[in-house]
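Can you make the complete structure from the sequences, with help from the hints?
Protein chains: 2
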Amino acid sequence: MQQQISIITLGVNDMAVSRGFYVEGFGWSPVFENDEIIFYQMNGFVLGTFHKPALEQDMGRKRLSAPGAFSLAHNVPAREDVDIVMGQLIQAGGRLIRKADAPPHGGFRGYVADPDDHAWEIAWNPAWTIDERGLITFGV
Amino acid sequence: MQQQISIITLGVNDMAVSRGFYVEGFGWSPVFENDEIIFYQMNGFVLGTFHKPALEQDMGRKRLSAPGAFSLAHNVPAREDVDIVMGQLIQAGGRLIRKADAPPHGGFRGYVADPDDHAWEIAWNPAWTIDERGLITFGV
Numbered sequence: 002m003q004q005q006i007s008i009i010t011l012g013v014n015d016m017a018v019s020r021g022f023y024v025e026g027f028g029w030s031p032v033f034e035n036d037e038i039i040f041y042q043m044n045g046f047v048l049g050t051f052h053k054p055a056l057e058q059d060m061g062r063k064r065l066s067a068p069g070a071f072s073l074a075h076n077v078p079a080r081e082d083v084d085i086v087m088g089q090l091i092q093a094g095g096r097l098i099r100k101a102d103a104p105p106h107g108g109f110r111g112y113v114a115d116p117d118d119h120a121w122e123i124a125w126n127p128a129w130t131i132d133e134r135g136l137i138t139f140g141v
Numbered sequence: 002m003q004q005q006i007s008i009i010t011l012g013v014n015d016m017a018v019s020r021g022f023y024v025e026g027f028g029w030s031p032v033f034e035n036d037e038i039i040f041y042q043m044n045g046f047v048l049g050t051f052h053k054p055a056l057e058q059d060m061g062r063k064r065l066s067a068p069g070a071f072s073l074a075h076n077v078p079a080r081e082d083v084d085i086v087m088g089q090l091i092q093a094g095g096r097l098i099r100k101a102d103a104p105p106h107g108g109f110r111g112y113v114a115d116p117d118d119h120a121w122e123i124a125w126n127p128a129w130t131i132d133e134r135g136l137i138t139f140g141v
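These protein sequence lines are chains U and Z, in that order. For the first sequence, the residue numbers in my numbering are 2 to 141. For the second sequence, the residue numbers in my numbering are 2 to 141.
Everything labelled a hint here was simulated from the structure, so no lab data went into it. The beta-carbon is built from N, C-alpha and C at its ideal position, and this holds for glycine as well. Some hints here could point you the wrong way.
Said to hold, decoys possible - In silico lysine-lysine, DSSO-like type, Cα no more than 27 Å apart, as pairs:
#1 Lys100(U) / Lys63(Z)
#2 Lys63(U) / Lys100(Z)
#3 Lys63(U) / Lys63(Z)
#4 Lys63(Z) / Lys53(U)
#5 Lys63(U) / Lys53(Z)
#6 Lys53(U) / Lys53(Z)
#7 Lys53(U) / Lys63(U)
#8 Lys100(U) / Lys100(Z)
#9 Lys63(Z) / Lys53(Z)
#10 Lys53(Z) / Lys100(U)
Stated by the list, open to error - Covered stretches of chain U (chain Z as the covering partner; in silico rule of three or more C-beta atoms under 8 Å from a C-beta of chain Z):
#11 16-29
#12 130-136
In structure tokens:
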């Protein structure tokens with residue numbers, strides 16, 4: 002089986018508020034949108050923001066909670082980009098979870114919650130490569 | 002800013018049980034592992050399974066809950082693969098959330114929870130392309 006994930010779907014309470022965070026904060030462009038779902042073409046997969054009741058109906062279960070036990074990371078090319086990106090995200094409706102600092106394993110990172118309390122780690126990790134298409138390769 | 006996600010990190014209660022699900026169920030190989038984190042090199046990004054207390058410590062917040070308001074999808078090349086993959090995942094410690102059927106938007110999909118209650122959608126969607134590297138492109 003391919004070692005592959007096709008979609009990350011986040012449950013969202015207010016589509017417009019969430020859209021503002023991703024479009025204004027990250028500067029990303031949707032590839033498709035309607036009243037209950039917005040898709041963003043990412044680096045080899047698709048990010049979806051799906052109205053939470055519709056996600057629950059599609060999944061066939063209720064009471065999905067936040068903050069969930071997961072995080073998403075966006076790596077940046079330089080240490081000084083971490084605070085810049087975190088600032089933009091907070092400006093666009095994000096909430097600071099953890100101010101950026103240096104973790105024991107190296108690099109530099111902080112956490113911001115999106116308007117639906119999904120955690121985003123903004124990280125600089127010089128051991129991992131990012132190519133011009135945004136494809137990430139693990140490194141130590 | 003690149004339209005890019007670098008890592009998806011899932012909080013995990015028992016590293017060995019989670020590893021069994023991903024290695025035996027999906028057939029994926031870790032690129033790195035220690036006592037508290039396992040990384041899998043994916044299609045242009047990295048999947049991490051991180052011991053939940055360590056994730057909470059890194060994030061600087063507690064009581065992350067499951068099931069969170071999100072899902073991950075693995076798309077397969079053919080309709081008949083959906084039930085096959087779901088069966089393998091259940092065999093490897095997953096739990097059925099929703100039996101596969103045809104959603105209103107087309108294709109065929111079901112949901113399985115991993116051992117930590119993270120939801121995986123297994124989907125066949127002929128409008129989306131999957132290349133030989135596993136890179137997914139949105140389509141309608």
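Quickly compare the C-alpha distance for Lys100(U) and Lys100(Z) to 27 Å and report which way the hint goes. violated (42 Å)
Does the alpha-carbon distance linking Lys53(U) and Lys53(Z) stay inside the 27 Å limit? It holds: about 24 Å lies between the C-alpha atoms, which stays within 27 Å.
Is Lys53(Z) within 27 Å of Lys100(U), Cα to Cα? This hinted pair holds, its Cα atoms lying about 20 Å apart.
Within 27 Å, alpha carbon to alpha carbon, are Lys63(U) and Lys63(Z)? Distance of about 22 Å is within 27 Å: holds.
Tell me if the straight-line CA distance from Lys63(Z) to Lys53(Z) falls inside 27 Å. holds (10 Å)
Does the structure keep Lys63(Z) and Lys53(U) at a Cα separation of 27 Å or less? The given pair, whose Cα atoms are some 23 Å apart, holds under the 27 Å limit.
Taken at face value, is the distance from the CA of Lys100(Z) to the CA of Lys63(U) at most 27 Å? holds (16 Å)
Need the status of pair Lys100(U), Lys63(Z): alpha-carbon distance at most 27 Å? Holds, at about 16 Å.
Hey, Lys63(U) versus Lys53(Z), does the alpha-carbon distance stay inside 27 Å? Since the Cα atoms of Lys63(U) and Lys53(Z) sit roughly 23 Å apart, the hinted pair holds (cutoff 27 Å).
Under a C-beta cut-off of less than 8 Å, do 3 or more residues of the region 16-29 of chain U approach chain Z closely enough to confirm the stated coverage? holds (count 3)
If you count the residues of the region 130-136 of chain U with a beta-carbon closer than 8 Å to a beta-carbon of chain Z, do you get 3 or more? holds (count 4)
CA of Lys53(U) to CA of Lys63(U), is that 27 Å or under? With a Cα-Cα distance of about 10 Å, the restraint between Lys53(U) and Lys63(U) holds, given a limit of 27 Å.
Figure legend: structure checked against the earlier numbered hints; the only hint not met is number 8.
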